[in-house]
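Mind docking chains R, W and E on chain U? Use the hints.
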Amino acid sequence: MNDLKLPAIDYAALAPMLILFGVACLGVLVEAAVPRARRGLVQVPLGLLGLVAALVFVIAEAGTRKRTAGEAIAIDGPALFLQGAIIVLGVVALLLIAERSLEPGGPFVAQPARPVGSEADRSQAAGEGGATEAYPLVMFALAGMLLFVAANDLLTMFVALEVFSLPLYLLCALARRRRLLSQEAALKYFLLGAYASAFFLFGIALIYGYAGAITFSRIHQAVTAGTGSGVLLFAGLALLAIGLLFKAAAAPFHVWTPDVYQGAPTPITSLMAACTKTAAFGALLRVLYVGFPGATWDFRPIIGVIAILTMLVGAVLAVTQTDMKRLLAYSSIANAGYLLVGVLAMTPEGVSSTLFYLVAYGFTVIAAFAVVTLVRDADGEATHLSRWAGLGRRSPLFAGVFTFLLLAFAGIPLTSGFTSKFAVFGAAFGGGQVWLVVAGVVTSMLLAFPYLRVVVMMWLSEPGESTPSVSVPGAFTSAALVIGVLVTLLLGVLPGPLLDLTTRAGDFVR
Amino acid sequence: MEHTVQFAPATGLLSGMWLLVALPAVSAAVLLLLGRRADRWGHWLGCLSVGAAFVLGLLSFFALRGQENRAVQLNLWEFISAGSFRVDFGLLFDPLSAVFVLLITGVGFLIHVYAVGYMEHDEGRRRFFGYFNLFVAAMLVLVLGNNYVMTFLGWEGVGLASYLLISFWYVRPSAATAGKKAFLMNRVGDAAFVIAIFLLFAQLGTVNFDGVANQVHTLSSGVTLMLGLLLLLGATGKSGQFPLTAWLPDAMEGPTPVSALIHAATMVTGGVYLIARSNFIFTANSTLQLVVVSVGALTLLIGAIIGCAKDDIKRVLAWSTVSQIGYMFLGVGLGGAAYALAIVHLLAHGFFKAGLFLGAGSVMHGMRDQVDIRRFGGLWKYMKITWVTFGLAWLAIIGLPPLSGFFSKEPIIVAAFERKDWTAWLFGIAALLGAGLTAFYMTRLFMLTFHGPKRWTDDIEHPHESPPIMTIPLVLLAVGSVAAGGLMVGPVPKWLTPVLGHEVRGEAVLAHSAITILAIAVTLIGAGLAYLLFRDGTATAPQPAGALVTAARKNLYIDAFNEAVFEKPGIFLTRALVFLDGKGIDGAVNGIAASVGGGSGRLRRLQTGFVRSYAMSMLTGALLVVAAFLAVQYGWFA
Amino acid sequence: MSLSAYVPIIALFALAAAFALFSVGVSQIVGPKRYNRAKLEAYECGIEPSPQPVGGGRFPIKFYLTAMLFIIFDIEIIFLYPWAVTFDALGLFGFVEMILFITTVFIAYAYVWRRGGLEWD
Amino acid sequence: MTLTPEWYLLLAAALFTIGAVGVLIRRNAIVLFMCVELMLNAANLALVTFSRINGTLDGQIIAFFVMVVAAAEVVVGLAIIMSIFRTRRSASVDDSNLLKY
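So the sequences go chain by chain: U, R, W and E. For the first sequence, the tail end lands on 510 under my numbering, and the numbers increase by one without skipping. For the second sequence, the tail end lands on 1148 under my numbering, and the numbers increase by one without skipping. For the third sequence, the tail end lands on 1269 under my numbering, and the numbers increase by one without skipping. For the fourth sequence, the tail end lands on 1370 under my numbering, and the numbers increase by one without skipping.
Quick caveat, the hints were computed from the structure, so don't treat them as lab data. Each hint should be verified, as a subset may be incorrect.
Unchecked claim - Here are the simulated SDA-like cross-link-like pairs (lysine to any residue), alpha carbons at most 20 angstroms apart as the crow flies:
| id | chain 1 | residue 1 | chain 2 | residue 2 |
| --- | --- | --- | --- | --- |
| 1 | U | Lys-5 | W | Phe-1241 |
| 2 | E | Lys-1369 | R | Lys-1004 |
| 3 | U | Lys-5 | W | Phe-1227 |
| 4 | U | Lys-5 | W | Phe-1243 |
| 5 | R | Lys-894 | R | Arg-878 |
| 6 | R | Lys-1004 | R | Asn-789 |
| 7 | E | Lys-1369 | E | Arg-1357 |
If you're wondering where the values come from, they're calculated on a predicted model, not measured in any experiment.
Okay, chain U solo, but in the shape it has when bound (with noise of 0.2 angstroms):
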């Protein structure tokens, strides 16, 4: 028994990871024994101060290939990459999550459990100050998707979704205004959300008797070296597709992101729109890339087919939807199609493409929701697509900055969405891939129409009685979007260096 060999542990590696979740444990001391008016200010820098240091360390690592923690972990370029892309996103996302100024006492509800409707709720409804436990979650999740997009066996992929879902089920009930939606957002997201990881789990067992092992690197031998059941090969990349899928919401199993988007608190469905995506396709990356580049002829048909079915669920579904939250969680289930078009690729341009994408993608969808939050009225955001008629007379500026970001989702030219979907059509095209290439522009002409209608409806018409008013956004919400309307701008006119870096950056370890 003294023959045990421990394996080797890279700390610095690993820094960005263990950073944040000793980042979030303190945020669980603060919320302890700091008193409940302070926390706010300690969790805020604490936050902000974890993420930077994290990225420090991400870049430090940069141009490190290895597998560390007896394989369980891989830090190679796509995961250094989607690293440092989810702790910048989720920099931004936090600055809207810590955003008081919009509403008494921030956008988190104070005491979740409280029955809605009761005296209790009305008094915290009233402006007492959110759960500033919000941190500590949200910490947790980043953490766990930095594991995500890193671990190099299916358990620590499976422990590190677990780490990063459990945190944003919570997340999804803390929404102040609309709380019975925003309950049945979370109960909808955690039963399916449970539902798929136990498909994902399953689908792990299934390898795991295929392979004999859960690393990628055997999985890897196994598959090319062909022994073993085909049944249990096959049917186990099914199921694991399929936990990974869910998160990523594309069809069939996207049928929890509208309701979800719709009801979470929009700092919160920014962070699920920008980072989850961000880390789900981390992950599918890297099962494909590395654990199952051997069944690529099998999977590729298949995935295929799901890709285009994304595709067009999200951009017929876009047309006729009334909220302006399940629109944008209808154009995130198309931009899913289009991402799958990049990894089907399955060459080193498709990885490249898609990296940049979800980096253009999570600026723009961020900025996107930060808009959400600035059109109120007095019952909290005003949703609606009706209400958002004559915008552009009530407040041109933002106004001008949403369309700005609608027709970056449209794929118009001189924005990160031009750019972003050229690359991973022209990686699939390279590929071989013409039929998605072919789907993919198609879709996205149409998909082109539910924007445009918003862009008309705000522009062109008159306000009426009911056009909210536009907040004057606080210091946080101002710093997010104009963080994500200049990297939108500026991976339109300017995406080479991300090109590059993403290119460099796409050369997976195995």
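Quick look at chains R, W and E alone, frame taken from chain U:
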């Protein structure tokens, strides 16, 4: 086409060509972002920026003449670079883009000035100028880009601006519908264009014009055909050509200056530009050329025939635009020397059609926005300047020598007769027929509007001439309509030679002079027929009872003649075409739009809100995915 | 043993799921839906349901909270057993790791304690 | 008849299926949730069985982790269900139906 195409780097004045795009773009941003603060002076800023761009365009044009290599490019920065693939944000100023720049900024400037007067009472004037400048900037990007991605960038930009401007009077449901239809039809074309770009990228690894031009001969003919057809579909979408015609006439719901600038002079000629720019692809495949020629010939006839049956002044002009662009497609499809002829016609058309639209706008301005030509008549006395300028543009479009339409259209007809085989007769006669029909419907329009008895609605007593700010552009455009063709038909093809290749003329199946005489003859016949039929107004309009009792007999006689000789078959043909257009193509587009909307509405119901039904859809999906994997594994699909 | 022997398992899995989906779907469609008061009442051996206690016969939330806290701390300790078994082999490394693990559990405990999760009233 | 490991796999598949279908046909959120737990445990059973078949310990270790993760999931889930229950006085998932279309 084995000579290599090379672009020289920009120096001196030409290195400032980015300003051409930047001026209107910055102005648009200022107008749209400043909001009401810019209401007072916004329209002047809009005019100024386009005027400045025109001056700069002129200077650049002269600078280019002094260059040895008349194709100058300016790579501003690297736009997209992924692996071996690289797209620059680059501009190209060569003879072809130079003439387009002058047309866009020159005619654009006049129309901007006109719009200051036309939109005076519209409270959205500042926004209007903002979109208008946005359009000019995008159009300049379209014609100045040095690769297909840049062209596409401008392509999307003009589409967006056009959509916003068509829907500008959103309160009219018809305007909103028209905007939607224009958008959808353009998207079909855009999708084809994007796929063509990817095809180029996948096959040649470059999308730069020089790179593609130098390597296009390495492509197999199947790929070239595919590429050309995709580009052609893109071009038909933007230019309102068959089969994507229907949006253009509906787009007339926008304000008249929009119709003049976007839907007559510039944007809709984008398709012609695309094909002329891609001449190396189209010349490489004769099947492709035949398709382009057929599209052009078919559209020019469709447009002309339907133009005969419309009573809305702007719709007649819109169908006329469709028909004239058909001539241009015919020209670019014929290849060789006809490329340049198509561009000449495009430029001449830019002048006289802009003049016609602005004249129509002036008439509407004086007649309380009446658009029905059966409700005009005798206006020449009341709006003299409009009458004269409109008349000159009318003579120009029907191709009467020595006005510009003659010099630009007649050579295309000749070129059609120069085809190698029997198709010479087919396309030559189609082009001749089109000329006759053009003369007919334009004369009808002119006579019914300005001459004959007054048939005004009761609320109009004194139609008035438009203010000078509107008439001055009219006069300038009329001068252009008269002179442009004659002045351009010689030098422009020579000027364009570096881009479009040397002039290689074939033998026409008829003598050149015979064709010229024939062309003039059909024009005169068409015009004369229309003059005879419509000099005393028209009876097809519901007239105030008793007003025309004395003339009734004569009118009836004309009607009978009219009906027997022309209208019966004409109406039949027109109805057939309108049916095809309304139910076929149009129906398809509306059908797609409706089915997307309806499908969306139905699919939405699947999102029941019950968590268990979501779980059901997930489980079903999971079973299908697992089953599909196993099916692939066991080769059940193979 | 050939691994293709698992084919029946998968087939059974698929069949069972398909059958279940089928029966659920069919019963939704063809099954009669006639509810009356009696059918909706709780079944208590054919006699009138006894009156519910005040508050709907439900436990105070406190029970759930305490039970939840118990479960989570109880299960966390699962990791102590393998460590205890190989304590010698893991040596100092394992000891430090375990200290860290217990620290995190204690952080959670401190939170629960400070925020009143352990107070019964 | 000998009790080969395959029988355990069969049992795992059956349990997983029962859980997966149970989610569809039950209304009570807590029961739904128990069905999900059943699925997780079915996966655990499969893991342990494969561990035995493959002769490696990995499967059993995974099962340990899964149990802990499942417990955490239980706690989070119960917290969410409880907060909804306190407002609605009902644990039926079909009552939560405000977000749709």
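Evaluated hints:
1. Of the supplied pair hints, the one linking U/Lys-5 and W/Phe-1241 holds, its CA atoms being roughly 11 angstroms apart against a limit of 20 angstroms.
2. Annotation: proposed proximity of E/Lys-1369 to R/Lys-1004 is violated, straight-line Cα distance about 65 angstroms (limit 20 angstroms).
3. A threshold of 20 angstroms between alpha carbons decides the hint, and for U/Lys-5 with W/Phe-1227 the separation of about 19 angstroms falls inside it, so the pair holds.
4. Distance restraint check for U/Lys-5 and W/Phe-1243: the Cα-Cα separation of roughly 15 angstroms lies within the 20 angstroms cut-off, and the hinted pair is therefore satisfied.
5. Restraint check for R/Lys-894 and R/Arg-878: satisfied, since their Cα atoms lie roughly 18 angstroms apart, inside the 20 angstroms limit.
6. The suggested pairing of R/Lys-1004 with R/Asn-789 holds, with an alpha-carbon distance near 16 angstroms, which does not exceed 20 angstroms.
7. Using a Cα cut-off of 20 angstroms, the hinted pair E/Lys-1369 and E/Arg-1357 holds, with the two alpha carbons roughly 18 angstroms apart.
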